[in-house]
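Chain residues, written in single-letter form:
There are 2 protein chains.
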Amino acid sequence: MNKMKSLFIALLGSSISLAAMSHGQTNDEKHIAALRDKALNSNLAYDILESLTTEVGPRMAGTIQDELAVKWGVAKFKELGFDKVWTEPVEYDTWVRGSESAEITSPYPQPLKVTALGFSVGTPASGIQAEVIHFKTIEDLMAAPEGIAKGKIVFISRRMERFRNGKGYGPAVKARGAGAVEASKKGALAVVIRSIGTDSHRVPHTGMMRYKDGINKIPAAALSNPDADLLERMLARKKPVSLKLSLGAHNGPKYTSQNVIGEMTGTTYPEQKIVIGGHLDSWDLGTGAVDDGAGVALTMAAAKFIGDSKMRPKRTIRVVLWANEEQGLVGARAYAKAHQADLANHITGAESDFGAGRIYAFSSNVTEKNMPTVEKMKRLMKPLGIEYENNKAGPGPDLIPMYQLGMSVFRLSQDGTDYFDLHHTGDDTLDKVDPKALAQNVAAYIVFAYVAADSKETITRGTPVKSGR
Amino acid sequence: MNKMKSLFIALLGSSISLAAMSHGQTNDEKHIAALRDKALNSNLAYDILESLTTEVGPRMAGTIQDELAVKWGVAKFKELGFDKVWTEPVEYDTWVRGSESAEITSPYPQPLKVTALGFSVGTPASGIQAEVIHFKTIEDLMAAPEGIAKGKIVFISRRMERFRNGKGYGPAVKARGAGAVEASKKGALAVVIRSIGTDSHRVPHTGMMRYKDGINKIPAAALSNPDADLLERMLARKKPVSLKLSLGAHNGPKYTSQNVIGEMTGTTYPEQKIVIGGHLDSWDLGTGAVDDGAGVALTMAAAKFIGDSKMRPKRTIRVVLWANEEQGLVGARAYAKAHQADLANHITGAESDFGAGRIYAFSSNVTEKNMPTVEKMKRLMKPLGIEYENNKAGPGPDLIPMYQLGMSVFRLSQDGTDYFDLHHTGDDTLDKVDPKALAQNVAAYIVFAYVAADSKETITRGTPVKSGR
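So the sequences go chain by chain: A and B. Read in order, the letters of the first sequence correspond to residues 1 to 469 in this note's numbering. Read in order, the letters of the second sequence correspond to residues 1 to 469 in this note's numbering.
It should be emphasised that the hints constitute simulated quantities derived from the structure, not laboratory data.
The list cannot tell twin chains apart, which means a pair is met if one copy fits it or any two copies do.
As a list, the in silico DSSO-like pairs of lysine-lysine whose alpha-carbon atoms are at most 27 Å apart:
hint: 1; residue 1: K167; residue 2: K432
hint: 2; residue 1: K71; residue 2: K239
hint: 3; residue 1: K238; residue 2: K71
hint: 4; residue 1: K239; residue 2: K78
The following block holds chain A by itself, in its conformation from the complex:
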């Protein structure tokens, strides 16, 4: 080794420790990079997900599998060696799907693949049979004359568009949430929508709908995309089309589930927490692999890697497996209420609830003084193919209540190109998850959680906190 080279290495070494010291860090970037790269080559998250989807499967709020999932979460946290593991109660109303079927009765009798929307009322046992009235969008329905759908079944056919970031969901999903109310206002007996999804399989997409006080509650269901295509082709023939819809859906009793929480304790400020996690419930049609078993598994794995490392960060990593996200962020609201007094110790967080595709970008929502922390994340995210986006991150669904109270959040953006092929369908199963992409997610969450937990300054919210709520 020549003199120049050793001098260079010595300088390099001192510059690293200087840099580390200048941030007041006890753990350097090399250590985090090693953890990150270890996670990249690990199947831990996939194994956790395999366990959840195999041993629990679908876990709709209030079902037997909801209870099993809570037990599974507690046992898995303990098995993984989390420092603290506990649950917190979450109470909610439940809904029972029952049987469901639909068919064209004339002019071209054919069965259709249909699924009830969450919290839809059922039809009479003999079904509802009526002529279909077609609207391309819910906006068209809303703009139509009073009474136009009287005695008919409204069909809304708008197709959701595919984008990497899932931005086609927002404009399309309004038909699911408000279709029944708007159809009922026009006198309809029921509403069927084209599934809010980007696939072409005979797997209809379920999801929540809402009624409004004072508006007659009518049954609401989604057709699979190929069935919606078929119905559109029939309607294009300009003859009256009659449809029969039979839904056994009904409300169930109150139920108490649990947010399941596991912690890896921080070294210096153990009361301060970085919150990561995913929601433990799923819809009932698939096994909740991408929505949101993946988020559960990858955040548990990320915290496990950090907890097991020889150097822990200053702050605590709290993993929350949120109860009943699907039917209205119920676990998230209960958590925010229970922990309101401790909000200041919820330093920042990120929820993974957009499948298991590779993360391609991250964004922050912090003040200027936290930018060195963001810069550190940038350097450590870069080798994962992750670019920094901006400082205007919004919250994952289950962080909304705490975000509204002022918590800082980060967003790790997954490639969701295929997410809405599977979302809320029977097709949401383990085979759709790429273990390598899932491992990349774990590595990214390690970077985010470790750097945030170890930052010199306390991380605080960047964008203004809106008043109200």
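Once you've looked at the hints, dock chain B against the given chain A.
The following block gives chain B in isolation, referenced to the frame of chain A:
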């Protein structure tokens, strides 16, 4: 127009008629090429398929849609202007699917997506609940000791492999056809197989199974691929796995359907026929778009183009829409029996029953004297990207009975890479068909049918005819 140009055109004209005369043809290759290219840019086949799948939909043998499909076929042939249109009766036993469900009852209770195999008996109304015994292949089951499956449900998990020519089907499908008999021999109460299909969707694949006299009939069903994966993962945990299977399947009454036949009459030898077609029935789960609405539509369209052309070929183009192929080539056998005395006038034929993928190759089964006809096809197929394979063509399913009696056949090989993603599932719907690929199929069938119908020599069978049957 200058002299040179008119001289050139005159020469061109005479050279064409010379070429045509040298093959004894009244219709030249240019004419066929023009028809072919017209078909390439036409949506006719797609429109026929759209009509069949929209206005009739699923058309399982013996159902109301079986009857509607026959009416549709007759009306469509007439609408397209075929010279002769008629039907011939086909009688068979029917089968009724009824309701169907399956679930894991322990150790990890979950619902499974299942479908009964064709002609399976049902379970008792309360279902059959028993421990699962797993065999990777039907060969493993057959090699297992007597009584090994006593009181259990046999699960066969072999996965079908994907190939362009569908060669993965043969080795896999034995579990569907013979699984119930072999499981019953070992004492099983029921058999469930992994779907014979290459997809990863929650759409199980149905298809025929067979019982054997003297062997106790047990219910037989297929799990979707993701469900079979799930069951395998559960079994890998080495705890007993219990499954509950409920099938409402049962035999129905005798039914008489029809082969639907349309002809474009030949100019010189009208009694001699080139037979093309597809089967009109389908399974009940999808709308039979690729199996075999595509074959029906594209052969009707090919004959329509030939019939409408200003020069007709010497021989007749007969399009047969075969009844009840799925449950045992019933229409094909009835046809062969009814037309046995006229077999010599069935010059050659090709059935399209492998979806709607592009044709990449064709093969013949003719004598040496017919090779100029094959050469002509080669020249006209080439611009469609279709290569000649060999002179050992086997028959499409519905030509088997006539092939066994000695008829010559051709095979136009479609790209079936995705065919077994859809085959016999709910996902067999119109959206899976590429209109451009379907039009290329029509063009290829025009080349085959026209050249064969117009050949100088009568086409006769190449490979030896086996004795028996």
